[in-house]
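Enquirer: Here are the chains, one letter per residue:
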Amino acid sequence: MLFRDPDFRYGLKKGVPIALGYAPVAFTFGILAVSGGIPPSLAVLISLTNLTSAGQFAGTKLIIAGAPLFEIALTTLVINIRYLLMSFALSQKLLPNTSMLKRALISFGITDETFALAALEKDDISFSYMVGLICLPYWGWALGTALGAVVFSVLPGLVQNAMGIALYAMFIALIVPGGKKSRAVLAIVAIAVTISSLFTWVPGLKQVSAGWSTIIATLAACLAGAVFFPREEV
Amino acid sequence: MSRILAAVFLMAVVTYIPRALPMTFIKKRLTSRFVRSFLYYVPYAALAAMTFPAILYSTGDLTSALIGMGVALVLAFYEKGLLIVALGAIAAVFFSQILL
Chain A
1 MLFRDPDFRY
11 GLKKGVPIAL
21 GYAPVAFTFG
31 ILAVSGGIPP
41 SLAVLISLTN
51 LTSAGQFAGT
61 KLIIAGAPLF
71 EIALTTLVIN
81 IRYLLMSFAL
91 SQKLLPNTSM
101 LKRALISFGI
111 TDETFALAAL
121 EKDDISFSYM
131 VGLICLPYWG
141 WALGTALGAV
151 VFSVLPGLVQ
161 NAMGIALYAM
171 FIALIVPGGK
181 KSRAVLAIVA
191 IAVTISSLFT
201 WVPGLKQVSA
211 GWSTIIATLA
221 ACLAGAVFFP
231 REEV
Chain B
1001 MSRILAAVFL
1011 MAVVTYIPRA
1021 LPMTFIKKRL
1031 TSRFVRSFLY
1041 YVPYAALAAM
1051 TFPAILYSTG
1061 DLTSALIGMG
1071 VALVLAFYEK
1081 GLLIVALGAI
1091 AAVFFSQILL
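The listed protein sequences derive, respectively, from chains A and B.
Numbering-wise (the numbering used here), the first sequence opens with residue 1 and increments by one.
Numbering-wise (the numbering used here), the second sequence opens with residue 1001 and increments by one.
Don't take every hint at face value.
Unchecked claim - Residues from chain B that face chain A, not an exhaustive set, calculated with beta carbons under 7 Å:
{"hint": "1", "residue": "TYR1041"}
{"hint": "2", "residue": "THR1051"}
{"hint": "3", "residue": "LEU1062"}
{"hint": "4", "residue": "GLY1081"}
{"hint": "5", "residue": "LEU1099"}
{"hint": "6", "residue": "LEU1100"}
Derived from the structure by calculation, the hints contain no laboratory data.
Since the structure is predicted, the reported quantities are computational estimates derived from the model, not experimental observations.
In this text, a Cβ means the ideal position worked out from N, Cα and C, and glycines have one as well.
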């Protein structure tokens, strides 16, 4: 039984803060979608089927703008290419005897946050751990969207603005403890941040989309890490 | 309506594919120290690249974003956990936008 499985329960517990952190972001998504003319039920359907922040925000903005389907698909794909790297990293962390069907199932729940928590676990991870970890964030994402879609006009703009920082604050909470313990991690973070800043502010480089700049910054920083700070116990 | 449904379907597919391909098909453990070191750093690099400088544009004005980021960094330094860091940053942004 899944509910008796200690791995599942442990994952479920780890998912609680992610779910609560997702709620305000999903809430903002619900507001964005409905204020752009998308029916609340469809906004929730987007959250249930996409379960991703940046990709579905961008895709939904394009739907609202009336962009062609090809452009919507391509933009979303580029933003989501980073999941290739995350999924690859998790493939090395998942117990090797996990079946392909189970792998295909839990890969649906890989998000920046579930990935980070799973990847930062000390030991190998199991299918039931991943199911537990994904469970609450998935419903937090959907419920937050539904709430945002329903009450979108009631909330003052200031609160909406303030909630925009939630995801990034969660990212910071995931990075900083690792950076405190390891100079290598600190160096990798510095390289990644420098490159993404270049792509944001340097003329010419600014044309590169956010999706690609994340991928390039991640690849370059991790390459530098593997060359200059190879890990001992791997 | 059917155009939106088609778009949602396409978005779901192109979101699922990059998530599923490596994890579903790479069952072998790679032994290369280089590759394993590379993958160990992926969460830190990817989250860092996504956070900065995007966080500066996440609240509508630079000052409140900087204050929110500062609060998040301090709370994270003392390892306060995901939720406290997120709520602390939201509160910091909210009050700095009211007061400043």
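Enquirer: All hints, please: hold or fail.
Expert: Here is what the structure says about each hint:
Hint on TYR1041/B holds. Least Cβ distance to chain A is approximately 4 Å, under the 7 Å limit. The beta carbon of THR1051/B comes within 4 Å of a beta carbon in chain A, closer than 7 Å, and the hint placing it at the interface holds. Hint status for LEU1062/B relative to chain A: violated, with the closest Cβ pair at about 12 Å, above 7 Å. Interface hint at GLY1081/B: satisfied, since its Cβ lies 6 Å from the closest Cβ of chain A, which is below the 7 Å cut-off.
Taken as an interface hint, LEU1099/B does not check out: its beta carbon lies about 11 Å from the nearest beta carbon of chain A, beyond 7 Å. At a threshold of 7 Å, the smallest CB-CB gap from LEU1100/B to chain A is about 12 Å, leaving the interface hint violated.
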